[in-house]
Amino acid sequence: MGERIAFWVCAVMIIGGALMTISRKNTVTAVMSLVMTFFGLAAIYTLLSAHFLAAIQILVYAGAIMTLFVFVVMVLNRDEVAPWALRGIVGKAIGIGALAYTIALTVLLLGSTPGFLASTRSYKSGPPPEGWGGVADVGNILFTKYLFAFEAISLLLLVAVIGAVVVARIPRHVEVAAPADQKPAAGQGGHG
Amino acid sequence: MSFDLAELTLSLPLLVVAVGGVLVLLLEAFSGRTASRAWLAVLTLAILGLATALEIPAWEAAATPRAIYGGMIAVDRFSIFLSVTIFVGAGLSTLLAGGFLREHRFEFGEFYALILLGTAGMMILVQANDLVTIFLGIEIMSLAVYVLTGSWRRSAKSSEAAMKYFLVGSFASAILLYGIALVYGTSGTTNLLEIGKSAVVTTDPVFLIGTFLILGGLAFKVAAVPFHMWAPDAYEGAPTPVTAFMAAAVKAAGFGVLVRILVTAFGRPSLTFGAGGWASIAAALAILTMTLGNVAALRQDNIKRMLAYSSVAHAGYLLVGIVAMGRVGDEARGPILYYLLAYSLTTVGSFGVIAWFGSHGDERQHIDDWAGLGARHPAAALAMTVLLLSLGGIPLTAGFFGKLYLFKVALMKPGLVPLVIIAVANSLISIFYYLRVVTAMYFREVGRATSPLRSRGVTAALILATVGTLALGLLPGWAIDLATQATILTK
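Chain order of the listed sequences is A and B. Residue numbering for the first sequence is 1 to 192, as defined by the working numbering. Residue numbering for the second sequence is 1 to 491, as defined by the working numbering.
Rather than coming from a laboratory, the hints here were simulated on the basis of the structure. We put the CB at the ideal spot given by N, CA and C, even for glycine. Certain hints may be false.
In silico EDC-like pairs for lysine to aspartate or glutamate, Cα to Cα no more than 20 Å straight-line [claimed, not checked]:
{"id": "1", "chain 1": "B", "residue 1": "K413", "chain 2": "B", "residue 2": "E331"}
{"id": "2", "chain 1": "A", "residue 1": "K145", "chain 2": "B", "residue 2": "E7"}
{"id": "3", "chain 1": "A", "residue 1": "K145", "chain 2": "B", "residue 2": "D4"}
What follows is a list of derived Cβ distance ranges for each label pair [what the hints assert, rightly or not]:
{"id": "4", "chain 1": "B", "residue 1": "A6", "chain 2": "A", "residue 2": "I15", "range": "46 to 54 Å"}
{"id": "5", "chain 1": "B", "residue 1": "I56", "chain 2": "A", "residue 2": "A11", "range": "49 to 57 Å"}
{"id": "6", "chain 1": "B", "residue 1": "A46", "chain 2": "A", "residue 2": "I15", "range": "45 to 53 Å"}
{"id": "7", "chain 1": "B", "residue 1": "G329", "chain 2": "A", "residue 2": "I15", "range": "38 to 46 Å"}
{"id": "8", "chain 1": "B", "residue 1": "A199", "chain 2": "A", "residue 2": "P129", "range": "17 to 25 Å"}
{"id": "9", "chain 1": "B", "residue 1": "M163", "chain 2": "A", "residue 2": "S23", "range": "18 to 26 Å"}
{"id": "10", "chain 1": "A", "residue 1": "N77", "chain 2": "B", "residue 2": "A6", "range": "51 to 59 Å"}
{"id": "11", "chain 1": "A", "residue 1": "T106", "chain 2": "B", "residue 2": "G329", "range": "34 to 42 Å"}
{"id": "12", "chain 1": "B", "residue 1": "M163", "chain 2": "A", "residue 2": "F7", "range": "33 to 41 Å"}
{"id": "13", "chain 1": "B", "residue 1": "L411", "chain 2": "A", "residue 2": "F150", "range": "44 to 52 Å"}
{"id": "14", "chain 1": "A", "residue 1": "L157", "chain 2": "B", "residue 2": "M163", "range": "16 to 24 Å"}
{"id": "15", "chain 1": "A", "residue 1": "P129", "chain 2": "B", "residue 2": "V295", "range": "51 to 59 Å"}
{"id": "16", "chain 1": "B", "residue 1": "M163", "chain 2": "A", "residue 2": "L142", "range": "29 to 37 Å"}
Work out the full structure: start from the sequences and follow the hints.
Now the structure itself:
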């Protein structure tokens, strides 16, 4: 029962944080909401006995990546918006209410589908084996079963780094006159 | 499951392409700031050629399909056939890129490195035997193509296209990943073969939602209706050689993984047949994709945009093949493979003619710009005519046999006759807009003066694509044989 309560608290934290990340106009509020999501995720990992993953989640995401986000916010230097502006709150409330209603209805419908609850019971449950989710276990599986995936990720990161440099750098040939292809194209049909 | 060093020899082509990409990147770093990058294009072609040559011994080794690296990667002729198709698309796009980048003044060496690394991602994708490798392959491929799409920095349209493609693509990846999580949660494994054999209850809604999300994510990548919205903008805005690469190689890789996942992971009858089975859903998507793609292509005046919608329509024809694979059986995979090869060759060629025709500051994509090309540049007009007729499926071209074999195998099941009739009707509609370009080239007054690209690479690419299209149309036997041998998947 305690586990169940912890799960729901974390789930609300994750989804609430994610919703606030995309809905807040104040960039610092949005970034801090994302931190809430990351911490919720780390807590879920702990509930699943994936302790190593939880630690990495805090270190890498809540630590390193969030710091970068805050730096970007600082460098962008956008105009400040009040963190909890009340503008448009009625529309948002109606929207959130409608969303909650849809979700509740879907859950109710799925719950009343014969076989749905029965099938969920067939999933594996119970405590994981000894040492599961620790550094040794993760390291073992990463460098045996998932070695190919591990190597493929290095390729993915390489492509991402090249891509970032290509997109961010100043073009080599700088010309004074604007080329014709920058003019808005007229009469080229609508969007699909 | 331990790692066997001998297994490395089975993925030599992949290693060559990936290491080649890194090599090109290194050489770019050490070459002069203003030096020409043409030799990097030549090196890229050599690497792709070496990888193609290495696929020949691999073809023999793959006679007995198996899974390596702890089940992450499948070794079979299906993936080799698709890899070579992807090499053809990547190689011809590289040939086009040399002249195109120089003419439009944004030559940079990373372009070729990204082509090679994207190709490596596609190779991983068509060989992937595990949901984890599928996701990694898709991401490597997509990231490379997003960047290539936006690489024309001074073109606002290119940046816009890259932004749209990136946002929609990331959304699709998230959907795919959510589906993977649900399927893993219910079946307890990410290995495709083990999912196929797992004791999961196939009526379990969580599992079904997971399969739909995975298939929806993949449908985004192959630009099937209703997930095609990004394609016209991305195809139009991208530098034309990149458009060719997207239309040919990305589509081949996407359909490759779609076929594999449907057969090995979701191949059991309860998931294939019935109103909610993937065969029925694919049939509905096929009709929508063909019809919407062709009807939208009819009213385009921009040739690149028209070919983008035509590419959507071709995804629809390929979905007919997927339906046939569900209803008829494994023999439908040969026609799908042949179609992908024929389509890749033809579409790279037709985008190649568009790349050839434009000059700096004047891309000449409007259909009026093409008036009188037949009188001014008869050889290029002839090549474009052959390629467009092949896309339309006129006899003596590769496209004709592609459609013939695909529809013939679908007709083996009487229930699929209506679907084939719709597909044939759609081919007739498509001939209408392909011929619009042909009539503009031959029967309209000569427009303003043109100064098309003068590049040996572009000329070579156009000749290769046109001759290849005719060769596959006149002597389809050998390619059909290879495609038939390549139908067996690792199971």
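Taking each numbered hint in turn, which are not upheld by the structure, reported in ascending numerical order? none
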